[in-house]
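Next come the chains, spelled out residue by residue.
There are 2 protein chains.
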Amino acid sequence: MGCHQLTSVHDVSNARRVVERARAIFVGGGNTFRLLKGLYDADLLRVIRERVSAGLPYIGSSAGSIVACPSLRTTKDMPVVQPPSFEALGLVGFQISPHYLDPDPSSTHMGETQEERIRQFLEENGETVVGLREGSMLRVEGGTVTLKGSTAARIFRSREEPVEVSPTANLDELLGQQFRYAEATT
Amino acid sequence: MGCHQLTSVHDVSNARRVVERARAIFVGGGNTFRLLKGLYDADLLRVIRERVSAGLPYIGSSAGSIVACPSLRTTKDMPVVQPPSFEALGLVGFQISPHYLDPDPSSTHMGETQEERIRQFLEENGETVVGLREGSMLRVEGGTVTLKGSTAARIFRSREEPVEVSPTANLDELLGQQFRYAEATT
Chain E
1 MGCHQLTSVH DVSNARRVVE RARAIFVGGG NTFRLLKGLY DADLLRVIRE
51 RVSAGLPYIG SSAGSIVACP SLRTTKDMPV VQPPSFEALG LVGFQISPHY
101 LDPDPSSTHM GETQEERIRQ FLEENGETVV GLREGSMLRV EGGTVTLKGS
151 TAARIFRSRE EPVEVSPTAN LDELLGQQFR YAEATT
Chain W
187 MGCHQLTSVH DVSNARRVVE RARAIFVGGG NTFRLLKGLY DADLLRVIRE
237 RVSAGLPYIG SSAGSIVACP SLRTTKDMPV VQPPSFEALG LVGFQISPHY
287 LDPDPSSTHM GETQEERIRQ FLEENGETVV GLREGSMLRV EGGTVTLKGS
337 TAARIFRSRE EPVEVSPTAN LDELLGQQFR YAEATT
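So the protein sequences, as listed, match chains E and W.
Each residue of the first sequence is one higher than the one before, counting from 1 in this note's numbering.
Each residue of the second sequence is one higher than the one before, counting from 187 in this note's numbering.
Derived by calculation from the structure, the hints in this document are not laboratory data.
Quick reminder that beta carbons are idealized off the backbone N, C-alpha and C, glycines included.
Any given hint might turn out to be false.
Computed, partial: chain E to chain W, Cβ under 8 angstroms [stated by the list, open to error]:
#, residue
1, 53
2, 77
3, 80
4, 86
All chains, please: the whole structure from these sequences, using the hints.
Following this line, the structure appears as C-alpha cells:
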C-alpha cells in the first residue's frame, strides 16, 4: 500500500465514517459469505455503492472481487455463515469467478469442476461470468473493462459456448451493458 | 434400485404425498443450494423429518448427504440460487463434507483447500464435520454411526486437531450426542 495511510474497518467504531472519508477502498480475500455478512452487519453496502458511483476507486481481490458483483453466487467458498441476502455491491453488472481452475482430465475427483459450477450458475442466472485465472485482473474505468496480467480469462455467457480472452483485451463487447455503479467512474 | 418401484418427486404433482407413502427416500447429488431450495419450495422438509424420525430409511449421496445434516454450510457447491434458509433436514446432528480431497502440496492454486474451508466452518459453527472421501459412506442406524467403504474419513471438531478414522470404525464417540431425528430409527 506504499506511502498511503491504511485504515481497517475492522479496527474502528464507525466503519461507515471511514468509508465516507476514504480516498480508495480495498477489499481483500477470505470467506465470501463471512465478508458479505460483515458488510451487511456494518451497514456498509449503500455507502460503498454511493462513493464508488461518485468516482471512488475500489480494489477487490478474491472474495473482495466477488462482492463487487451483483451477488456472491459465483463464490467457491463454503457457506459457513448466512448473510441476510446473496445480493452484493453490484458495482459491476457481471460476475467474477476468481481462482479459476481448468478441468484436470486426469482427476478421479467426483465433485464438479469450476466450469460445471459456472454452467449451473448460468442455468439459474443471466449475468455473464468471468473466470479469472491466477495472475490476472480486470480493470474497470471510464466505462471500459480491460483484462490485465499474465493469463487469459474464460468468459461464460448464458446459452453460448465459453470464450477465451487474452491479457490487455478490451472486454466491453463481451461484458457490454453490464455496468451498474461503476459506469459512473468516468 | 433393483426391483423396487421408484417415484421421482420431480415427476408428480403432489410431492408430499409421495413422501408420505414412500418406503424409503433416496436423495442424490447435484447443486446443494438448488436441492435445498427445491425441498423448501415443495414444502418437503417437515414431512421427511417426520417420516425418518418414525423409522423410514433415508439414503443420501453427495448433496443428498449434506441436506441430511443440520445445514448446508459444509457444501462446496456454488450458491447459484438462494434458499430461504441454510437450515436443512437435520436428520443427524453432525455435518458431512463429501468428496473430501486431501491438500495437494504441489498445487500452486491460491484458493482454500477443503480442510481450510472446514476450519472456517468450525470458526463459526459448533457441529463436528466428517470429511468423507470418495468410496466411503456413513451408516446411521439404531443410534450408531459406522464408517463403511474403502477409504478413511477425516473428522474435524471445534478446537481439536482433525482425526483419521478407518472403515468399519464406530464413530459414536466422535459424533456422540449429535443425533437428531435419526436417533429414533432404532
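Exercise for the section: Compare the structure with the hints numbered earlier in the document and write down the numbers of the violated ones, lowest to highest. Expected result: Violated: hint 1 alone.
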